[in-house]
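Number of protein chains: 2
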Amino acid sequence: MKKFYISKSRRLRSTPFSSRIEKQGLTAYTIYNHMLLPAAFEGTEKEYFHLKEDVQVWDVAAERQVQIIGKDSAKLVQLMTCRNLSKSKVRRCYYAPIVDEKGKMINDPIILKLNENNWWISLADSDVKLYAQGLASGLKLQVEISEPNVNILAVQGPKSFKLMEKIFGKKITELKFFGFDYFNFKGNKFFIARSGWSKQGGYEIYVENTEEGLNLYDELFLAGKEFNVKPGCPNLIERIESGLLSCGNDFDNDDNPYECGFDQYIDIQSDINYLGKKSLIKIAKEGIKRKLMGVKIDLDKIEMMDELTLQNDKNIIGYLRSAAYSPHFKKVVGIAMIKREYWDKKTAFELEINGKKSKGSVCDLPLV
Amino acid sequence: MKKFYISKSRRLRSTPFSSRIEKQGLTAYTIYNHMLLPAAFEGTEKEYFHLKEDVQVWDVAAERQVQIIGKDSAKLVQLMTCRNLSKSKVRRCYYAPIVDEKGKMINDPIILKLNENNWWISLADSDVKLYAQGLASGLKLQVEISEPNVNILAVQGPKSFKLMEKIFGKKITELKFFGFDYFNFKGNKFFIARSGWSKQGGYEIYVENTEEGLNLYDELFLAGKEFNVKPGCPNLIERIESGLLSCGNDFDNDDNPYECGFDQYIDIQSDINYLGKKSLIKIAKEGIKRKLMGVKIDLDKIEMMDELTLQNDKNIIGYLRSAAYSPHFKKVVGIAMIKREYWDKKTAFELEINGKKSKGSVCDLPLV
Numbered sequence: 001m002k003k004f005y006i007s008k009s010r011r012l013r014s015t016p017f018s019s020r021i022e023k024q025g026l027t028a029y030t031i032y033n034h035m036l037l038p039a040a041f042e043g044t045e046k047e048y049f050h051l052k053e054d055v056q057v058w059d060v061a062a063e064r065q066v067q068i069i070g071k072d073s074a075k076l077v078q079l080m081t082c083r084n085l086s087k088s089k090v091r092r093c094y095y096a097p098i099v100d101e102k103g104k105m106i107n108d109p110i111i112l113k114l115n116e117n118n119w120w121i122s123l124a125d126s127d128v129k130l131y132a133q134g135l136a137s138g139l140k141l142q143v144e145i146s147e148p149n150v151n152i153l154a155v156q157g158p159k160s161f162k163l164m165e166k167i168f169g170k171k172i173t174e175l176k177f178f179g180f181d182y183f184n185f186k187g188n189k190f191f192i193a194r195s196g197w198s199k200q201g202g203y204e205i206y207v208e209n210t211e212e213g214l215n216l217y218d219e220l221f222l223a224g225k226e227f228n229v230k231p232g233c234p235n236l237i238e239r240i241e242s243g244l245l246s247c248g249n250d251f252d253n254d255d256n257p258y259e260c261g262f263d264q265y266i267d268i269q270s271d272i273n274y275l276g277k278k279s280l281i282k283i284a285k286e287g288i289k290r291k292l293m294g295v296k297i298d299l300d301k302i303e304m305m306d307e308l309t310l311q312n313d314k315n316i317i318g319y320l321r322s323a324a325y326s327p328h329f330k331k332v333v334g335i336a337m338i339k340r341e342y343w344d345k346k347t348a349f350e351l352e353i354n355g356k357k358s359k360g361s362v363c364d365l366p367l368v
Numbered sequence: 001m002k003k004f005y006i007s008k009s010r011r012l013r014s015t016p017f018s019s020r021i022e023k024q025g026l027t028a029y030t031i032y033n034h035m036l037l038p039a040a041f042e043g044t045e046k047e048y049f050h051l052k053e054d055v056q057v058w059d060v061a062a063e064r065q066v067q068i069i070g071k072d073s074a075k076l077v078q079l080m081t082c083r084n085l086s087k088s089k090v091r092r093c094y095y096a097p098i099v100d101e102k103g104k105m106i107n108d109p110i111i112l113k114l115n116e117n118n119w120w121i122s123l124a125d126s127d128v129k130l131y132a133q134g135l136a137s138g139l140k141l142q143v144e145i146s147e148p149n150v151n152i153l154a155v156q157g158p159k160s161f162k163l164m165e166k167i168f169g170k171k172i173t174e175l176k177f178f179g180f181d182y183f184n185f186k187g188n189k190f191f192i193a194r195s196g197w198s199k200q201g202g203y204e205i206y207v208e209n210t211e212e213g214l215n216l217y218d219e220l221f222l223a224g225k226e227f228n229v230k231p232g233c234p235n236l237i238e239r240i241e242s243g244l245l246s247c248g249n250d251f252d253n254d255d256n257p258y259e260c261g262f263d264q265y266i267d268i269q270s271d272i273n274y275l276g277k278k279s280l281i282k283i284a285k286e287g288i289k290r291k292l293m294g295v296k297i298d299l300d301k302i303e304m305m306d307e308l309t310l311q312n313d314k315n316i317i318g319y320l321r322s323a324a325y326s327p328h329f330k331k332v333v334g335i336a337m338i339k340r341e342y343w344d345k346k347t348a349f350e351l352e353i354n355g356k357k358s359k360g361s362v363c364d365l366p367l368v
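The listed protein sequences correspond, in order, to chains A and B. All residue numbers for the first sequence refer to our numbering, where the first residue is 1 and numbers rise by one. All residue numbers for the second sequence refer to our numbering, where the first residue is 1 and numbers rise by one.
Fair warning: there could be bad hints in the mix.
Treat identical chains as interchangeable: a pair holds within one or across any two.
BS3-like cross-link-like pairs, simulated, lysine-lysine; straight-line CA separation at most 30 Å [to be verified]:
| hint | residue 1 | residue 2 |
| --- | --- | --- |
| 1 | K102 | K75 |
| 2 | K291 | K357 |
| 3 | K52 | K140 |
| 4 | K277 | K289 |
| 5 | K330 | K356 |
| 6 | K140 | K102 |
| 7 | K359 | K2 |
| 8 | K166 | K71 |
| 9 | K23 | K356 |
| 10 | K339 | K166 |
| 11 | K330 | K171 |
| 12 | K285 | K339 |
| 13 | K2 | K225 |
| 14 | K357 | K23 |
| 15 | K301 | K2 |
| 16 | K225 | K189 |
| 17 | K296 | K2 |
| 18 | K3 | K225 |
| 19 | K346 | K3 |
| 20 | K140 | K285 |
| 21 | K170 | K71 |
| 22 | K199 | K162 |
| 23 | K186 | K278 |
| 24 | K278 | K162 |
Source of the hints: derived by calculation from the structure; they are not laboratory data.
Model the full structure from these sequences, guided by the hints.
Spelled out as structure tokens, the structure:
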């Protein structure tokens, strides 16, 4: 497939780490929240094996934070998500669908509770800050909404634990999944969560002071030599195999959280108040007509820029939204929106690309 | 400067014209409203001369529309902009700053009034739809907000009038600047405005039916042969010379519309109701401390990815935000946020890039 350059400008914001990453073998970017997000170094397959075996440092500053501070902050955060946050705890992360009044998906961020009156929404790719501002103005809420200068470095892969222990000490290995706390390096405090957009284990460092963050960045590569550390980025193959959904790729504002399989993050029982609640109650009652599932396809490569139709005889069974060749399954694996009639596992289908038909079958997420 | 590829995926949405444009010599993309926006073909300077002499067809589908329909639509549109729309007319376009409650810039779209209860906001690069949804939910407004399947083709350049007349007939040459109407081609109606993001004259075709749009696209190139038509895209040199501001490049959510020179689009006198009004009244009273101005710099090339500091002796006089070499001025020209003390035309400054200092001076916008 023909490749195109990215035309840089101030509007596609650089991160504090861009100039370093670019000297470390970066070949491609994507854009995420109006910011450069590294997308390729040595190639997705090589990076996949490395991520599963060693440790990578990712410049994911493009995961921007919406900071909501003030007396009505908890109320505003809850208004935007269908996940019940009434029992949420300080220093914990919550994966939470952001929905609109129709119960459709706007974003699938991690919500971090810094204290009762200070929340960060760590975003996928859409301007949730504008949604929050609109709501706050409309309802005259007492909140301050901003995008703080916070730039995330993810440290991912099985050896991330050894590397982070070497830099931050034993205490960091005791951090529980989706917990966060402050840790010291050379007298500076870093906000670190045990999280990240892979299932290979690791941490996300929310860098608040750029200079200190750059020193830490360099230390990660210095201290990481013995663990074969490399720069990396979210990996398409790994995240599809792991069933990690991508906002904008796998779902968008035409899909609801039930269709995305987010059932465990939807509260329609309790008395919490959020915008899409009425709509989601109705959707739950009626039942959904399609949902995201895994697929496996007899192909040894694929490149996707748009959703592709999956057919069974002459019937459309669904639409493929993300896909990559998996060295593990030795097939193309993908995430597709599948119609209700075809949810039975192993439903067979055909996919036509450039006039060539391939066979595939439906399966669960995450793929096994 | 090192170049990087763009990593495509469904999230960076293709337009109906992408596959055609890619076969017509496209080399680079940018991303705008989560969509591919062509950014380079033969090179910005060659394209600049061609745009000023002949006619270009631009795939600017990335200028997405927010459609606001319903009883409260006029109220909601007015709430978001500081421009007084109370006397706005049907079938007219209005360049209008969208501001938040603090009076800071969110977007600088063209607002199109289709009728009293149907408005399109033709966007620069931010999710104004989410701002509108938040406001509508918070205020319980009776509106339907959507992003319709509308994809803009711009026809720009001095020969655009001849080309459009050839296809749509004499009537289209009577369309006034910033007016729009429906015009026929092969029995199909097209929504066309006399507008576009250049000062070389032309039209924007709001394609509502994709198939009919693709036929029109092909016809534009067929009928345009005699006018030396070429594919193009918004031109950095031309738009800086013409003083057309770029949201995200020249200003962002830290700037207010007075600082952007949008004074004529700010109403703080009448009794209209919009969100940033109190803040803008206060700003007007106190006076601004900086504003966007033109600059000329003694350089024969420049590449910008971030704002650059402009200094006069040891004082920072402002920040350069966009710049390009202008064959007309035989210098680099740019748009910069200049501090009040240095607004005097011809204020001299120095710009340091990679340790090399160049001389420049402040001037008005548009550049003369």
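- Query: Taking each numbered hint in turn, which are not upheld by the structure, reported in ascending numerical order?
  - Reply: Per hint list: 3, 8, 10, 11, 19, 21, 23 and 24 violated.
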